[in-house]
Amino acid sequence: MSPTGPNPNWFERWVLDFIPSTANALKDLLGHGPDWLAYILFALIGGFIVVNLPALLTPLFIWIERKVLARVQHRVGPNRVGPFGLLQGVADAVKLMTKEDLVPDSADKLVFNLAPLMAAIPVFLVFPVIPYSARATLADLNLGLLYIISITSVTEVAIFAAGWSSNNKYALFGAMRAVAMLISYEIPLALSLMGVVLIAGTMQLSVIVDTQRYMPMILLQPIGFIVFVTAVSAELNRTPFDLLEAESELTTGYHVEYSGMKWGVFMLAEYAAAFAYSLLIATLFFSGWKGPLLPGFVWLAIKVFFIWCVFIWIRGTFPRLRVDQVMAFSWKFLVPLSLMNVLVTAVEVNIQANQGWEFFPMWFAPINLVIAVVLIVIMSKLFKFEGQTRQVLPSRMGTIIPVTQAAERAASKAK
Amino acid sequence: MPIKTSPIIVNIGPHHPSTHGVFRMRVMFDGENIIDLEPVFGYLHRGTEKLAEERTYAQIITLTDRLDYLASMSNNLAYVVSVEKLLGVKAPERAMYIRVIMAELMRIASHLIGLGSFLNDLGALATPWMYMFREREKILDLCEMVCGARITYSYMRVGGVSMDLPPEFMGALRQFCDDFPHRIDEYEKLLRENEILISRTKGVAVLSAETAKNNSLSGPVLRASGVNWDLRKSDPYEIYDRLDFEVPIGQTGDTYDRFLVRLEELRQSLKIINQCVKDMPIGETRLKLPALIRPPKGDAYGHVEAPKGELGFYIVSDGTIAPYRLKIRAPSFINLTALREMTVGYKLADLIVVFGSIDVNMGEVDR
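Residue numbers (our numbering), protein chains in the order written: chain A, 1 to 415; chain B, 416 to 782.
FYI, nobody ran anything at the bench for these hints, they're computed from the structure.
Worth double-checking, as some hints may not be accurate.
Stated by the list, open to error - Calculated lysine-lysine pairs in the PhoX-like style (CA-CA distance at most 25 Å, straight line): (1) B/703 with B/500; (2) A/169 with B/419; (3) A/67 with B/604; (4) B/712 with B/648; (5) B/648 with B/505; (6) B/500 with B/465; (7) B/617 with B/604; (8) B/617 with A/332; (9) A/381 with B/604; (10) A/381 with B/617; (11) B/742 with B/505; (12) B/500 with B/742; (13) A/413 with A/381; (14) A/109 with A/169; (15) B/617 with B/628.
When you get a sec, could you build the whole thing from the sequences and use the hints?
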């Protein structure tokens, strides 16, 4: 099964021509070298494009956030560097690269230096599998979705490594929260996509896009969409789940000791992840690059922009949840909800298979919408947050020594 | 095998984005839970009380600006009221109205910052903060119109105010009073019923009326605990006994109540300003007093309801041009004394929010 539109437009034709013609050109260039050499070279070039294009587009993504967030907050936003402040990202990058790169004395140097890379690499590995237009995918894996889910969970290790190796108490708090929260949200993140996979019958992203040619998946999978977007905003550390960074509590948490471009790489990774997840949401729930008249990648860009605006909107309005509330929300609300979604979708897919229908029937959409509303209302009634109970003081812990006495003790010890 | 754990001590502050200045909390944590807390003060100590002993009575007004720099006019008022009590004089009628308008404008400005930074601490990023600053900006413009300064006004004088209101002031003030109720509605619509805000604040750090009284707290923090104590009602100064307003009282004394009390006080302050604008008489704005005031020997304690609580000045005079001793009862400092009782047993995130809900100003805490 291959995704092809009826009439490939100029971009698709160009992409279709690009792969063989480039490989042939390389083969000619190399003279009488072996075939595999040309294909490896081509893979390297393609990899270069797919890694660097997102890296270059991420500053634009950050610019959109800063501009839209500024509008939400009655500000102007960046407007000094370049037209409409568009080059602000470049200026920031130059500033970060020329800044002194501090490594704390007490840090675990190797892990400390490795953590930013560990955070950034998995994020960029997501971009090759996403279909940007018909056949415009660098690696159209048949297990694409599984690959994305597994590769993005590596970021958690990097965040924990950064927090732990910094040898800073705030960073440790951030790392602690990362381990607790990000792993909890991996489960609803993966479960919410099961419905999509069941309906499409595959994990290949290009085929998932193709199954949405009559109806975007959001209409068939309202619960899946809500759970996925919530889990994604937790994975991206955005409000109301920005516990790891929690500016007002942890002064940016796990990367508090990072400066210069290492900090910049963390930020780049975070926004590249936001970009990747926005692409993924557009691909999985909003029929990806499909759309009338305009070429596929333009449609994808429009959808990504609107999804990103929703994320910015959420960030601009919501306060932050506390750590126990965040965990309870995942385990008591999102996980049961997404499990029920899997059940409902499985029943529907079974009906489709038994009846021998070729396509997933559209009239399941209103049914699913009703089920979603009913389930969410029932769940929110069941999952009522009771007021916080105060933890009783454990007596074995003892109490704090006042700062004056601590100073006296230190002085007497020095004597 | 149980994993061996040990509590850690974290220094939150002196420079931390949520300590509203330079305040330090040594907190002992068991995971995220607070076991013990010790506040450490004094990073912004400027020796205001000692400096006042070397200044004339008029010069001290400039020192009071630097206490709670978000509500300088209220500080001016508290000091001026105390000196007038010492002298046994009363300011002219019109001056009193101007002072009340200014003090209430300051209450609005201070509460706006208090609410904004409280919501910022809650993690609502900068949106409510920027909205509240937009309104505060208008108040600062009004103050600039009156005395030329935007933060350190030094507008009030012993026996009146430094100058009469400029002609364009009343129109601008009316404009502000017409706009502001809609803004308060906007804040309420944005956040009052927000599920996350309620779950973060309701039932958190409940301060019982008894604890609040025992710690001699004052201001919105005390009133949120259900104690009806507002100096504007219980010991009226200036013209507050002629004005019609209500004092919002909380029911449970949790963080959410402190938030609601401040929101309601914005409305009540506006009500007071509207009445003052309506009733303002024409006349003198300043008593004729000598440039170097020499109060008779003796002492006096004057207090006003500043935005953060009871702000009092205890002045001891030995008959010279400078006070023998000046003691400032700073509400922020005393409100902080209940911090440990309020936060121990809760989590790190709650500590930040509770500290924000007390709404302290470090300029006043350290003096």
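Each hint, compared with the structure:
Only pairs whose Cα atoms come within 25 Å are accepted, and residue 703 of chain B paired with residue 500 of chain B is accepted, the gap being roughly 16 Å. A C-alpha spacing of about 18 Å is found between residue 169 of chain A and residue 419 of chain B, which places the hinted pair at or below 25 Å, so the restraint holds. Distance check on the hinted pair: residue 67 of chain A and residue 604 of chain B sit about 24 Å apart at the alpha-carbon level, within 25 Å; holds. For a cut-off of 25 Å, the pair hint linking residue 712 of chain B to residue 648 of chain B is broken: about 30 Å separates their Cα positions.
Straight-line distance between C-alpha atoms of residue 648 of chain B and residue 505 of chain B comes to about 19 Å, which keeps the hinted pair within the 25 Å bound. Taking the CA atoms of residue 500 of chain B and residue 465 of chain B, the gap is about 21 Å. The hint holds against a cut of 25 Å. Between residue 617 of chain B and residue 604 of chain B the alpha-carbon distance is near 18 Å, which keeps this suggested pair within the 25 Å criterion. Pair hint residue 617 of chain B plus residue 332 of chain A holds up; C-alpha atoms about 20 Å apart against a cutoff of 25 Å.
A hinted pair counts as satisfied when its Cα atoms are at most 25 Å apart, and residue 381 of chain A with residue 604 of chain B qualifies at roughly 23 Å. Between the alpha carbons of residue 381 of chain A and residue 617 of chain B the distance comes to roughly 18 Å, so the proposed pair stays at or under 25 Å and holds. Straight-line distance between C-alpha atoms of residue 742 of chain B and residue 505 of chain B comes to about 22 Å, which keeps the hinted pair within the 25 Å bound. A C-alpha spacing of about 15 Å is found between residue 500 of chain B and residue 742 of chain B, which places the hinted pair at or below 25 Å, so the restraint holds.
Among the hinted pairs, residue 413 of chain A with residue 381 of chain A is inconsistent with the structure: their alpha-carbon atoms are about 59 Å apart, more than 25 Å. At most 25 Å may separate the alpha-carbon atoms for a hinted pair to count; residue 109 of chain A and residue 169 of chain A meet this at roughly 17 Å. Of the pairs offered as hints, the one joining residue 617 of chain B and residue 628 of chain B holds, with about 21 Å between alpha carbons and a cut-off of 25 Å not exceeded.
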